[in-house]
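Protein chains in written order, with my numbering: chain A, 43 to 374; chain G, 43 to 374; chain P, 43 to 374; chain Y, 43 to 374.
Certain hints may be false.
Identical copies carry no separate label here, and so any pair may be met within one copy or between two of them.
DSSO-like cross-link-like pairs, simulated, lysine-lysine; straight-line CA separation at most 27 Å [as the list claims (entries may be wrong)]:
id : residue 1 : residue 2
1  : K262      : K244
2  : K87       : K67
3  : K244      : K365
4  : K87       : K365
No wet-lab data here; the hints were simulated from the structure.
Protein chains: 4
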Amino acid sequence: MIDFCLVGAGFIGPVHAANLAAHAKARLSWVIDLNLAAARALGEKYGARSGSDLAAALADPDLDAVIVCTPPRTHAPIIEAAARAGKAIFCEKPVDLDLARVDACARVLAETGVPFHVGFNRRFDPTHRALHDAIRSGDIGRPEMLVLSSRDPEISPPDYVAAMPYGIFYDTMIHDFDMLRWLLNDEPVEIYARTACMLDEKENPHRDPDTAMVVLRMSKGALVHVNSSFRAVYGYDQRIEAFGDKGMLISGNHHPTSLERHGLDGIRRDPLLHFFIDRYAESYRRELDLFVQAVETGATPPIGVEDGRRALMIAEAGVRSAKSGVPVALQA
Amino acid sequence: MIDFCLVGAGFIGPVHAANLAAHAKARLSWVIDLNLAAARALGEKYGARSGSDLAAALADPDLDAVIVCTPPRTHAPIIEAAARAGKAIFCEKPVDLDLARVDACARVLAETGVPFHVGFNRRFDPTHRALHDAIRSGDIGRPEMLVLSSRDPEISPPDYVAAMPYGIFYDTMIHDFDMLRWLLNDEPVEIYARTACMLDEKENPHRDPDTAMVVLRMSKGALVHVNSSFRAVYGYDQRIEAFGDKGMLISGNHHPTSLERHGLDGIRRDPLLHFFIDRYAESYRRELDLFVQAVETGATPPIGVEDGRRALMIAEAGVRSAKSGVPVALQA
Amino acid sequence: MIDFCLVGAGFIGPVHAANLAAHAKARLSWVIDLNLAAARALGEKYGARSGSDLAAALADPDLDAVIVCTPPRTHAPIIEAAARAGKAIFCEKPVDLDLARVDACARVLAETGVPFHVGFNRRFDPTHRALHDAIRSGDIGRPEMLVLSSRDPEISPPDYVAAMPYGIFYDTMIHDFDMLRWLLNDEPVEIYARTACMLDEKENPHRDPDTAMVVLRMSKGALVHVNSSFRAVYGYDQRIEAFGDKGMLISGNHHPTSLERHGLDGIRRDPLLHFFIDRYAESYRRELDLFVQAVETGATPPIGVEDGRRALMIAEAGVRSAKSGVPVALQA
Amino acid sequence: MIDFCLVGAGFIGPVHAANLAAHAKARLSWVIDLNLAAARALGEKYGARSGSDLAAALADPDLDAVIVCTPPRTHAPIIEAAARAGKAIFCEKPVDLDLARVDACARVLAETGVPFHVGFNRRFDPTHRALHDAIRSGDIGRPEMLVLSSRDPEISPPDYVAAMPYGIFYDTMIHDFDMLRWLLNDEPVEIYARTACMLDEKENPHRDPDTAMVVLRMSKGALVHVNSSFRAVYGYDQRIEAFGDKGMLISGNHHPTSLERHGLDGIRRDPLLHFFIDRYAESYRRELDLFVQAVETGATPPIGVEDGRRALMIAEAGVRSAKSGVPVALQA
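Isolated chain A (complex conformation) (with noise of 0.2 Å):
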């Protein structure tokens, strides 16, 4: 049974909670969160130990593992107290928003030598995965074109906005970014990306990006495309096409029902789920049921802080061709 410390009671920490609470190897021990009244009543519904403080949660020797929910700019930190305490860590993406700090926390991490996951969950859909499985089975041969759409139904709140500008790229296509590595096995030599701000004064007060397409080259060759909008109202939009020599691949949108109706109007079939924990329940379930086995048996979990590096970095160069309006070279 692996002992975990959920930190951070908002957001993506219920979900975490809920499916460490129904996985058999798996048991939540403590709540931490600044938010003491979240803490407790997460706590309570799993029946774990809360608090606010994560120094008190790290002094137990029961505990094996810290999976981290809180804001991104905490994270690198709480990487660190959890690495020298010695515990194996989940760590919610990005590491940090600054590659410096990101560094950082790699050097503590190479130094404790603890079990390390950046939670980029969309790896473990099951599309995305049998996508992924594909094109490494070579289904469609030699990856020439990827084109990845990732689409949210909103923006998040104005303070959210402001606290992380560009955020379509560090919290969104991120995402992305990971993706396209890990789908063509590949870096990418060069980013191009163009925003535009699409949504009104009183949604978008901060006039931050809202909407991007950004093409990348890969250093294999491959030429790959990223849209991402704030304002799909149709619901939340996550399609993956992978074209190669030998083929094309579609990972495509889950639909809550199957369910087709006709009628006078034409032939109609539910919205898009709207939200992202919705759209991506099993794979949150997945990528927590993979670490809790790499953690019992020892193994590497499955993304590294090399692998938050990279993403950042992209996403780091994609915000500089945005402002600049050229392209921007990557090592690969």
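Following the hints, position chains G, P and Y against chain A.
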């Protein structure tokens, strides 16, 4: 160049006239209709002679073929006259609504030896034909079940219904009875039918069945289901499903466009085509082309009088079952 | 917290055990099976007591509910014992294979007044339920036709088949007989059934029907078709189509992923799920959750003994029709 | 009746010839080709005069219109000669590959005032047009992103490639450049393009780009992506996706049949059509019909010389970006 006389300028007549006009090896030279104005209008459009006297057209030594598009009860005498005049005949289904009358026709056709084709147009639809060819080539192994959905958007006008009681068998499902024979290359040995009047008094004043479900057993063992309705408000719904020991095939509906609309209320496609002439436009073209080829090369046209007789026999037995409430045996 | 005793550790038992373990308000406290090793293995996995003596478990005053997953012929005595012990009961379908025995059970349930639920799991599938709700909310107006395709990838082992002749009615289509009652909120007044043995001697040595087509008439007039097979090599195929005067609804199959592969040989999707437990995983979760809620709140569980009786009556009448070759009347 | 002279009997010429033959108000009266045998063969098939001397045909006072299907570099002189002869002109795209030459043509057309149409056939495809009309009618609100996938199954023969370097811009994506202007009713202000040579030396001996990704910014703010390849082994792949603040529209591929095959290896549909002439058969029919209508009624044909010039300007700027590696500005 094959010279055609079109008999019957209404409804399906203009479809054949347009296809003849566009065909490289056929020519519309006569249009005959008791409604002289209709005959003239169509004749003028395509540069053909027109009139109400079939005998005049049949006396034309340049005339090669007759295409019969008049109401069902007039088919037999026209067939016989055309056969005796030595013309090739393309007759819209049914040959007649009375089996004895069909037999009489068949004798004249046998005596005269003219090329004869019954217009079961669905056999020429590209998707239904692909289904047929896939069954023949063993894609699903031995066929075990066949399910046909055959639904019209509306019932015929009251006088048309009055002229042909149980038209859902004689006019609509007769197509399916032909299809099941052709698809399975087999004959039914039993039919059970249940009907209902679902439309209200105004739409269906004669209370003729407007809804039907049928189960048939084939001589080689397959079970077949047909369902039919005169009230598919969402469009002309025509699907066939063939199930065997190696798999299943579905011939689905055709869509006017492939446009998908994603909005707040879900994902929408166009309604199905509403009119059988639009749905089967390509079938009518291919059917005529094959008939022209047969006449030109001296080959036997695709669907003979025996096929017309068999489909009518099944329809008749189905009506007897619907009336009696018990299954009716058929001679394979 | 509702304490459960699981009776029957094979087949569907482990599914319920896992769902109980993951449920926030339920606890698996006992596993009973005549096969003591099986009971023990499952009990140990979830920290429950195990044994082969149901009486011992029923004597546990902390026990709230029993979930019955044993072979059909053992259901009735277990139900009666559990009812007399005052426990809430979740019983896998059928209640029994004999109507008189079901009636005896029903009397004990009425006397004791314990909460009782029959596990027709399909009612809890999200897509089937969306279909149900759409019918109820008037999406298709008055229902006129219902078509259910209910096909298993393989036949049960010979001894299972021998123990339940005409299992395609009693074990498989009984689900569809329940669904049609639930979806149409109506009772059948007539059933006609035709069956066939399509599997060879080796696969189906008892020559029990492995293929069936059924037509039913409902008291409010709708016509219903069910087709079933034990040889859907392409996967567990479960579709329902409801047709009415305002449109049509289709509850289609579920796919393991949404991946599309485009290659020289066409466009390919994954095969359907092969196993009913995978296809209906979500249904089992939701069903148990609703049962737990009912027990907790004192509400009546969703599906009562009368529902079990009605579905069995239809199956029985269907078998009589299949044997006699003529339709059989049913009391609405 | 509008009398046509077809100039260029190869490739797309026979498509227009067949459509003219089937058109009620048009007649093919001349076929001109430097390859006299090709001109004769096509002329004989449709009962038209044939020859290699365009002047002879243009001198025919009964001739109303010229349809230009010759190689791109010959379009301009033919257009000018036909315009000076007072004939209506349907010219396959492009007008010319050189902007100055297009401008010279435009002056002659302006002076002579003859009806002129550039054959951007995709605008007449029923699905693309439904997409266009849905955008215009506000279905997706303000368009924010447009994604066009434009992939050919194979590269043109080496001599054709040699005659038109960067043909992926000038010959293929020029269609998309026209589509994006038409769909968005807007002009681009910037284009960025990246290309690659993915085909091997044998298939692409001139190492001309065979793969391309493009991002454009439109004057009203929308972002546009085009991706193109000469190696879609799975068929002619033509999709357009329009995203706006009220939803998304997808113009998907067309399928030769709707047949679905369910087997052990999954669910299979036919490959896409392989040839643009099959995919766009209906577009060519509708385009010609609208041109005939325009000539008959004196209306302006749908796509004028300025549209031809604009699409070429975008292609040119795209090539400059591909060569320089930086975005290129365009005048709206």
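Do the hints match the structure? See the list:
no., hint, in the structure
1, K262 / K244, "between (43 Å within a copy, 20 Å between copies)"
2, K87 / K67, "both (19 Å within a copy, 10 Å between copies)"
3, K244 / K365, "within (23 Å within a copy, 41 Å between copies)"
4, K87 / K365, "neither (46 Å within a copy, 57 Å between copies)"
Against the hints set out earlier in the document, a violation occurs for number 4 only.
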